[in-house]
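Undergrad: Protein chains in written order, with our numbering: chain A, 13 to 201; chain B, 13 to 201.
It is worth saying that the hints were derived from the structure and are not from the lab. Keep in mind that this is a model prediction, so the values were computed, not measured. Virtual Cβ for every residue (Gly too), placed ideally from N, Cα, C. Treat the hints with caution; some may be incorrect.
[Unchecked claim] Computed spacing ranges between beta-carbons, pair by pair: (1) A:K66 <-> B:E185: 26 to 32 Å; (2) A:E29 <-> B:R56: 49 to 55 Å; (3) B:A100 <-> A:K66: 41 to 47 Å; (4) B:R25 <-> A:E103: 41 to 47 Å; (5) B:K143 <-> A:Q113: 21 to 27 Å.
[What the hints assert, rightly or not] Pairs of lysine to any residue, SDA-like flavour, derived with a Cα cap of 25 Å: (6) B:K159 <-> A:G107; (7) B:K20 <-> B:V45; (8) B:K143 <-> A:E103; (9) A:K143 <-> A:V101; (10) A:K143 <-> B:P114; (11) A:K20 <-> A:G51; (12) B:K20 <-> B:E68; (13) A:K66 <-> A:Q84; (14) B:K159 <-> A:D188; (15) A:K143 <-> A:Q84; (16) B:K159 <-> A:G51; (17) A:K66 <-> B:P94; (18) A:K159 <-> B:R111; (19) A:K159 <-> B:N182; (20) A:K143 <-> B:K66; (21) A:K143 <-> A:P132; (22) B:K159 <-> B:P94; (23) A:K159 <-> B:V101; (24) A:K143 <-> B:I198; (25) A:K143 <-> B:E103; (26) A:K143 <-> B:R111; (27) A:K66 <-> A:M49; (28) A:K159 <-> B:E185; (29) B:K66 <-> B:D46; (30) B:K20 <-> B:L54; (31) B:K159 <-> A:V101; (32) B:K20 <-> B:D67.
Protein chains: 2
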Amino acid sequence: MSYSPAHKERTRRRILESARRFLKEQGLGGVSVDSLMAGAGLTRGGFYAHFSSKDELVAAALDDTVLLGFLQKHKSGGTPEPVHWTRAVLEEYLGPLHRDQPATGCPLAIHVGEITLAAPQARAVYTNLVKEVATELAGRLPRNAQKTSSEALAILALIVGGMALARGVNDTELSDAILAACREAISDL
Amino acid sequence: MSYSPAHKERTRRRILESARRFLKEQGLGGVSVDSLMAGAGLTRGGFYAHFSSKDELVAAALDDTVLLGFLQKHKSGGTPEPVHWTRAVLEEYLGPLHRDQPATGCPLAIHVGEITLAAPQARAVYTNLVKEVATELAGRLPRNAQKTSSEALAILALIVGGMALARGVNDTELSDAILAACREAISDL
DNA sequence: TGTACATCAGTGAACGCGCGTTCACTGATGTAC
DNA sequence: TGTACATCAGTGAACGCGCGTTCACTGATGTAC
Numbered sequence: 013m014s015y016s017p018a019h020k021e022r023t024r025r026r027i028l029e030s031a032r033r034f035l036k037e038q039g040l041g042g043v044s045v046d047s048l049m050a051g052a053g054l055t056r057g058g059f060y061a062h063f064s065s066k067d068e069l070v071a072a073a074l075d076d077t078v079l080l081g082f083l084q085k086h087k088s089g090g091t092p093e094p095v096h097w098t099r100a101v102l103e104e105y106l107g108p109l110h111r112d113q114p115a116t117g118c119p120l121a122i123h124v125g126e127i128t129l130a131a132p133q134a135r136a137v138y139t140n141l142v143k144e145v146a147t148e149l150a151g152r153l154p155r156n157a158q159k160t161s162s163e164a165l166a167i168l169a170l171i172v173g174g175m176a177l178a179r180g181v182n183d184t185e186l187s188d189a190i191l192a193a194c195r196e197a198i199s200d201l
Numbered sequence: 013m014s015y016s017p018a019h020k021e022r023t024r025r026r027i028l029e030s031a032r033r034f035l036k037e038q039g040l041g042g043v044s045v046d047s048l049m050a051g052a053g054l055t056r057g058g059f060y061a062h063f064s065s066k067d068e069l070v071a072a073a074l075d076d077t078v079l080l081g082f083l084q085k086h087k088s089g090g091t092p093e094p095v096h097w098t099r100a101v102l103e104e105y106l107g108p109l110h111r112d113q114p115a116t117g118c119p120l121a122i123h124v125g126e127i128t129l130a131a132p133q134a135r136a137v138y139t140n141l142v143k144e145v146a147t148e149l150a151g152r153l154p155r156n157a158q159k160t161s162s163e164a165l166a167i168l169a170l171i172v173g174g175m176a177l178a179r180g181v182n183d184t185e186l187s188d189a190i191l192a193a194c195r196e197a198i199s200d201l
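All chains should be modelled from the sequences, with the hints used to inform the complete structure.
TA: So this is what it looks like as C-alpha cells:
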C-alpha cells in the first residue's frame, strides 16, 4: 500500500473545496486546473489521480447549496419551523453579507446564466439543486393546494435573480436598492 | 480617400451585430475575435480597424436591450399605455419563445451572472441598462408614491432571474414551470 | 522491533491547441489632374 | 471622360501566452517478513 484511502479522500475534498471557492470567485470558465490545485496546496499533475477531467470536477464542485443548508439547518430541531422563520432565511439570503461573500455564497445565484453554457454534467447537477431547493421551499410556505410549488419557483427566481443583478451592477446604491426591493417583495408573500 | 466613411460605419455595425449574436449564444467569455469576424464575413486582422480591443467591443455590443425596446415600442403612439399592456409585455418576455431564442433575446437576462466578472466597461454598460429599464418600467406601473421604483426593481429581478433559471435548467418541464410561475407572480402585482 | 519492498499520490516538464493582438501586405476605392 | 495616384479597410501569417492533459519520475507510506 502507499497512502491510506482516507488520505486520498481528504485530498479529494481539499481539491473540491478549493474548486468551489475559485469557481464562485472567478466563474465556471475562469478557473485553471493549475490555480485550483495550487489553492489546495498541490501541483497540476496530481489532479488526474482524483478526477478524470475538469468537467467532472466542475460538476462535482457544483453539488453544494448554501440555501438548502440554510433551510435545513434547524430542521432537525423537531418542531416545524414557522413561515416567518423561512421568510427570515430568505431575507438573510438577500442581504449584503451574502452578496459580498460570493466565495462562500449560494452556487444557484452565482452560476445562474453561466450554467446554460456549461457541460451537461454540470447542468444536470444544477437542475437537481433547483428541484431540491424548490421542494424544500414549497414545504415551508403556507399551504394553498398546488399553488405552493409555483410560488416556490417564483420566489427562487426572485432571490436568485435579485442576488445576481445586485452582484452584476456596478453601483453600490443601486445594488442595495435591488436587494431591498426583493426583500420587500418577499415580505408581501 | 479609400472607402467612404459610410462603408466603414456599415462594417462596424455588421461586426457589432455578429458580436451580439455570438456573445448571447456562447457567453461573454466564449467568443473568439476570429469567429465573430467570420460571422461578419471578415477575417481577424480587420477587427482592430474598428475596435481597439475585444473588451471595448464587448462593452459596445452589450448596449442593446430587447426589453427596453419592447416597452418603448408603442410609446410614440401618443396615449399612455395601460398597466395591463405592460403586464402583457412582461408575460411575453417570460415566454418560451424568448427563452428559446437567446441569440436575439434580452442581454440583461442572458448576461446576468457573467457580468459580475466582466471588464469594468461592460459592467458600466450593463448597469446603465438596468437603470434605464427600471426607470421605464417604474413609469408604467400603477403609481403608489415611491414604492413604484422598488417594485420595478423586484419585477426586473423576477423576470431576469426567471428567464436565466429557465434557460439554465436541463429539464423542459421544470423550465416551463419556472416561466409559468413567474408569469403568475407578475399577474398578482 | 527492524528492514526491504511494492504501491501509487503527487511532481513538474512537455505536448498540442486556441486565443488576443501585431504587422507587413494588398487591392478596392475616391480624388486630382 | 480617362488615367495615375494616395489612402486605408481588410488580409492572413506570425507572435507570445495560458490552458487541459499526458507522462516519466520520485518519494512517503503501509505491509510482509
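Undergrad: Hint by hint, say whether it matches the structure.
TA: Hints versus structure:
1. A:K66 <-> B:E185: 26 to 32 Å: 30 Å, holds
2. A:E29 <-> B:R56: 49 to 55 Å: Since the Cβ atoms of A:E29 and B:R56 sit about 40 Å apart, the hinted range of 49 to 55 Å is violated.
3. B:A100 <-> A:K66: 41 to 47 Å: Distance hint for B:A100, A:K66 holds at roughly 44 Å.
4. B:R25 <-> A:E103: 41 to 47 Å: Because 45 Å falls inside the window, the suggested range holds.
5. B:K143 <-> A:Q113: 21 to 27 Å: Holds, at about 25 Å.
6. B:K159 <-> A:G107: 19 Å, holds
7. B:K20 <-> B:V45: 18 Å, holds
8. B:K143 <-> A:E103: 23 Å, holds
9. A:K143 <-> A:V101: 18 Å, holds
10. A:K143 <-> B:P114: 23 Å, holds
11. A:K20 <-> A:G51: Cα-Cα ~17 Å, so holds.
12. B:K20 <-> B:E68: Roughly 17 Å separates the two Cα atoms, so the pair holds.
13. A:K66 <-> A:Q84: Outside the cut-off at roughly 30 Å; violated.
14. B:K159 <-> A:D188: 15 Å, holds
15. A:K143 <-> A:Q84: Within the cut-off at roughly 15 Å; holds.
16. B:K159 <-> A:G51: 46 Å, violated
17. A:K66 <-> B:P94: 52 Å, violated
18. A:K159 <-> B:R111: 23 Å, holds
19. A:K159 <-> B:N182: Since the Cα atoms of A:K159 and B:N182 sit roughly 23 Å apart, the hinted pair holds (cutoff 25 Å).
20. A:K143 <-> B:K66: 38 Å, violated
21. A:K143 <-> A:P132: 17 Å, holds
22. B:K159 <-> B:P94: Holds, at roughly 19 Å.
23. A:K159 <-> B:V101: It holds: about 23 Å lies between the C-alpha atoms, which stays within 25 Å.
24. A:K143 <-> B:I198: With Cα atoms ~22 Å apart, A:K143 and B:I198 stay inside 25 Å; holds.
25. A:K143 <-> B:E103: 23 Å, holds
26. A:K143 <-> B:R111: 19 Å, holds
27. A:K66 <-> A:M49: Between A:K66 and A:M49 the Cα gap is close to 11 Å, so the pair holds against 25 Å.
28. A:K159 <-> B:E185: 16 Å, holds
29. B:K66 <-> B:D46: Distance of about 11 Å is within 25 Å: holds.
30. B:K20 <-> B:L54: Given that 25 Å is the threshold and the Cα spacing comes to 13 Å, the pair holds.
31. B:K159 <-> A:V101: At roughly 23 Å apart (the allowed maximum being 25 Å), A:V101 and B:K159 satisfy the hint.
32. B:K20 <-> B:D67: 20 Å, holds
Hint compliance for this structure: hints 2, 13, 16, 17, 20 are broken, all remaining hints hold.
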